[in-house]
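S.K.: The sequence shown begins at 1 in the working numbering and counts up by one.
FYI, nobody ran anything at the bench for these hints, they're computed from the structure. The structure presented is a predicted model; accordingly, all values stated were derived computationally and were not measured. Treat the hints with caution; some may be incorrect.
[As the list claims (entries may be wrong)] DEER-style ranges, computed between Cβ atoms:
#, residue 1, residue 2, range
1, R322, R222, 52 to 60 angstroms
2, L156, L258, 55 to 63 angstroms
3, V149, L207, 17 to 25 angstroms
4, L145, V295, 48 to 56 angstroms
5, A132, R225, 20 to 28 angstroms
6, T243, R42, 27 to 35 angstroms
7, F21, R306, 38 to 46 angstroms
8, R47, L258, 37 to 45 angstroms
9, S125, R42, 36 to 44 angstroms
10, F21, F218, 20 to 28 angstroms
Glycine included, every Cβ here is placed at the ideal spot set by N, Cα and C.
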Amino acid sequence: MVTLTHIVSVPSEVRNAFLFFSVLEFAVGILLNAFIFLVNFRDLVRRQPLSHCDLVLLSLSLTRLVLHGLLFLKAIQLTHFQRMKDPLSFSYQTIIVLWMIVHQAGLWLTMCLSLLYCSKIVRFSHAFLLHAASWISRKIPQMLLGAMVLSCVCTLLCLWDFFSGSHLSAVTRLLMNNSTELNLNIAKLSFFHSFLFCSLASIPSFLLFLVSSGMLVFSLGRHMRMMRAKTRGSGDPSLEAHTRALRSLVSFFCLYVLSLCAALFSIPLLMLWHSKVGVMVCIGIMAACPSGHAVILISGNAKLRRAVDTILLWAKSSFKVRVDHKAYPRTPDLC
1 MVTLTHIVSV
11 PSEVRNAFLF
21 FSVLEFAVGI
31 LLNAFIFLVN
41 FRDLVRRQPL
51 SHCDLVLLSL
61 SLTRLVLHGL
71 LFLKAIQLTH
81 FQRMKDPLSF
91 SYQTIIVLWM
101 IVHQAGLWLT
111 MCLSLLYCSK
121 IVRFSHAFLL
131 HAASWISRKI
141 PQMLLGAMVL
151 SCVCTLLCLW
161 DFFSGSHLSA
171 VTRLLMNNST
181 ELNLNIAKLS
191 FFHSFLFCSL
201 ASIPSFLLFL
211 VSSGMLVFSL
221 GRHMRMMRAK
231 TRGSGDPSLE
241 AHTRALRSLV
251 SFFCLYVLSL
261 CAALFSIPLL
271 MLWHSKVGVM
281 VCIGIMAACP
291 SGHAVILISG
301 NAKLRRAVDT
311 ILLWAKSSFK
321 VRVDHKAYPR
331 TPDLC
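Make a model of the complete structure from these sequences and hints.
M.R.: Here it is in structure tokens:
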């Protein structure tokens, strides 16, 4: 049976530093993902055709904006409202479950992105795989719609499991109000069950992501062997497409696993060891991962890179005009 450990208060310096970095991560994450969203949404408003990749990035950036908002709420909840004597407040549980749901929706969208990369870049020799790749490259909008429907279904299942588990644990605590420690253990088991249920719902999308990414790795290896045999130059566009796609997918895989491990590790830190500092570190890792992947997506997308260059040129010219205006002030006209 789990017993309550000694509660250690967090120093105000640590709490203030965590809030500072939380605001910084929130601002960077919102800025990066809002940039991706607005660049693609501007073309949508202007009725310019969006590529399938742009549609996926538009949807993915929207989920990341919600994800950063939930993580910021989680940081505020932890520092200002969360008591270690009552680590399973309903509001904190709700934020964690909603984060898992949005994180799962982002995984479905990234799976669509990996399938798109695979269908566009990998050169299949088998007739069935060639037909499947052609079908996927044409049906990305329908796949996005299907991913959203599946995400909604998983969301309803996770919310039903969470709220039904919370109701049952509340009824159990009322019936067994003479054992505080047993009530706390029941609440912990109910929440941990909901957390695992939300995590297991992302297994199908994660497996599809791994399969498509593995095909890209295999195709890159085969292409590099062909290049060595033909002694082709280093400026091969197919090799560059392979590299950009793998950089995006491998970075997402590493950051997704890191973020999920931080989320899983934060649960025992909160419920068993009552370590606010450890939970703060986990939240910082969870907030940094989507921002890191957004940077890689921007660097690997030609349209987003052109938008960044346009903004930098505008900022540079605006700064130059301001400096010239200060260096050479306007003199009054003589006539």
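S.K.: Give a verdict on every hint.
M.R.: Results of checking the hints against the structure:
1. R322 and R222 have their C-beta atoms about 54 angstroms apart, which keeps the hinted 52 to 60 angstroms range intact.
2. The hinted window of 55 to 63 angstroms between L156 and L258 is violated, with their beta carbons roughly 28 angstroms apart.
3. In this structure the hint that V149 and L207 lie 17 to 25 angstroms apart at CB holds, the actual value being about 19 angstroms.
4. Between L145 and V295 the C-beta distance comes to about 28 angstroms, which lies outside the given range of 48 to 56 angstroms.
5. Remark: the range hint 20 to 28 angstroms for A132 to R225 is upheld by a beta-carbon distance near 24 angstroms.
6. Between T243 and R42 the C-beta distance comes to about 28 angstroms, which sits within the given range of 27 to 35 angstroms.
7. At about 32 angstroms, the CB distance of F21 to R306 disagrees with the hint of 38 to 46 angstroms.
8. The hinted window of 37 to 45 angstroms between R47 and L258 holds, with their beta carbons roughly 39 angstroms apart.
9. Taking the beta carbon of each, S125 and R42 are about 40 angstroms apart, inside 36 to 44 angstroms as hinted.
10. The hinted range of 20 to 28 angstroms is not satisfied by F21 and F218, whose Cβ atoms lie roughly 40 angstroms apart.
In this structure, the hints that do not hold are numbers 2, 4, 7, 10, in rising order.
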